[in-house]
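Peer 1: Protein chains in written order, with this note's numbering: chain E, 1 to 229; chain Y, 1001 to 1083.
If you are wondering where the hints come from, they were derived from the structure by calculation, not from laboratory data.
Hints may be right or wrong, so weigh each one.
[What the hints assert, rightly or not] With a straight-line cut-off of 16 Å between C-alpha atoms, the simulated EDC-like cross-links for lysine to aspartate or glutamate are:
#1 E:LYS132 with E:ASP161
#2 E:LYS218 with E:ASP16
#3 Y:LYS1042 with E:ASP55
#4 E:LYS151 with Y:GLU1013
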Amino acid sequence: MKFGVVTFPGSNCDEDMVYVLGTLLNQKVERLWHKDTDLKGVDVVVLPGGFSYGDYLRSGAIARFSPIMEKVIEHCNKGGYAIGVCNGFQILCESGLLPGTLLHNNNQKFICKNVYIKPESKSAAITASLDKNKGYKIPIAHGEGRYFASKEVLEELNANDQILFRYCNENGEIDPSYNPNGAEQNIAGVTNKTKNVFGMMPHPERASDEELGNIDGKAMFESIIAQLN
Amino acid sequence: MTFKAAIDIMPLEAILDPQGKAVTGSMKNLGLSEISNVRIGKHITLTIDAASQNEAKEKVEKACKELLCNQIMESFTYELTEL
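So that you can see chain Y by itself, here it is in the shape it has in the complex (with noise of 0.2 Å):
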């Protein structure tokens, strides 16, 4: 089987995102004064080979927690598609 999985890393909302704080503050240039808060994080697709829903689940997680997603200053959530 094979899987789709779209993934999402945030800053944690404790840590100071500056790039999203420059964003916040064009929004008013841009005359959009009600847009507050925005944050930037990245989003990653990948496909996975895996006998079950369970193992590509549990092959997504390996690779956010080592490698994609720092944990100490990110989170992460993710979706898994059958293709």
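Looking at chain E on its own, in the form it has when it is part of the complex (with noise of 0.2 Å):
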């Protein structure tokens, strides 16, 4: 299986997201640039965190119209697949390929911290393999991971099975009080009707090494590559 990370002009989580996949993993990884328009043949294609155009205008809206997102788009509109990260899931709900958005977080500060995601779609390939009653500890950083979208896709996301992960406490109990952003409904991450795009807050692949004492993100990466292989 072949990952292609992105670096856009402010990426700052591409480096951590290729050291995963291509070192810990032993996955191919292919660097992608901003201005490529060439996917290089890869199957995953991954937006990483980081604030891409200085979060200008909105986070994310100005990646998306980068020469690389029309062809992550048409990859994603034939049934490929792709991963966003934090500003990467914040640039595939700006793209459409994602529905809703995020909003500022409702305490109007940048959160750096651990918290718990519970895992919850059992067709998609992130969760499919993750333990649905535990809560996995990966740590947030953003200042707008409020996810919002009106009552209607709420409902959708829910009958479809295209929520991928909801905050909780470390048992996975999900609560509004184990909720650091004000996300509707505790989502921390959600996926497309057709299951290949996959978008949320939580930063696995700085809970990927062993080194840093906490290996509860490389599970969704695992997942993945058991899913999709």
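Could you fit the two chains together into a complex? Lean on the hints.
Peer 2: Here it is as structure tokens:
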């Protein structure tokens, strides 16, 4: 399986992503530049975290018009896989590849801390192999992570098994008090209807190396690899 | 013909605007407790070359709908004046 990690001006989690996929998980990784117009045959496009284009206008709004995004949109519309983390999630929403949007955190602060998320979707590759009764400890680092979608869209997401993760406590219990940013229904990640595009605010690539004392995030990449192989 | 567009982009009424809420709180500290419901958006100006007012309108709306405003969370209004 070949992953392609895209670097936009202002991306800052691209190297972590390349390291986790290439060195820790022994996958082929292609580095893609925002001006590239060729995905170089990758199977899974990865949009990493950061502050693409300085978060000008809205997070992810300008990155969406990068030359590479035209190819990413084409790839996803043909059923190709993509995962966006943090700013990558914001870009996928701005591109219309994922439903909803990410608003400023309800406390107006940039939040950088470990949180727990509970996997939910049984049919999405990123969560299919995960323990659905467990809270996974994954760090968040965002100012605009409050997931929002209309009531109708939220109903659809629930009905179609499109919720990837919800914020919870370490025992996997979901409650508004464990919601760090005011996201609708504690939502931390969603997938599209066809389950080939994944977006999440927490950073699994920051919880994948044993040296860092937490490898809960590694399981999410392993789930994708296991399901797609 | 050249036109100037003055565009206002506001968070939708149904959505919590934490910036506006914080500023509303500060109004009280300033002794202006009569002021409530502060909401903060963006004001964008731009110039457009177009053959007619209608064409300029179409271009502003395309810019708003496809880039300047995310209609899931914001709404826009604008005024167009010929320069």
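Peer 1: All the hints need checking, so say for each whether the structure fits it.
Peer 2: Evaluated hints:
Between E:LYS132 and E:ASP161, the direct Cα distance comes to roughly 13 Å. Compliance with the 16 Å bound is thereby established for this hinted pair. The suggested pairing of E:LYS218 with E:ASP16 holds, with an alpha-carbon distance near 12 Å, which does not exceed 16 Å. Straight-line distance between C-alpha atoms of Y:LYS1042 and E:ASP55 comes to about 14 Å, which keeps the hinted pair within the 16 Å bound. Taking the CA atoms of E:LYS151 and Y:GLU1013, the gap is near 15 Å; set against the 16 Å cutoff, the hint holds.
Going down the numbered hints, you'll see the structure goes against none, and every one checks out.
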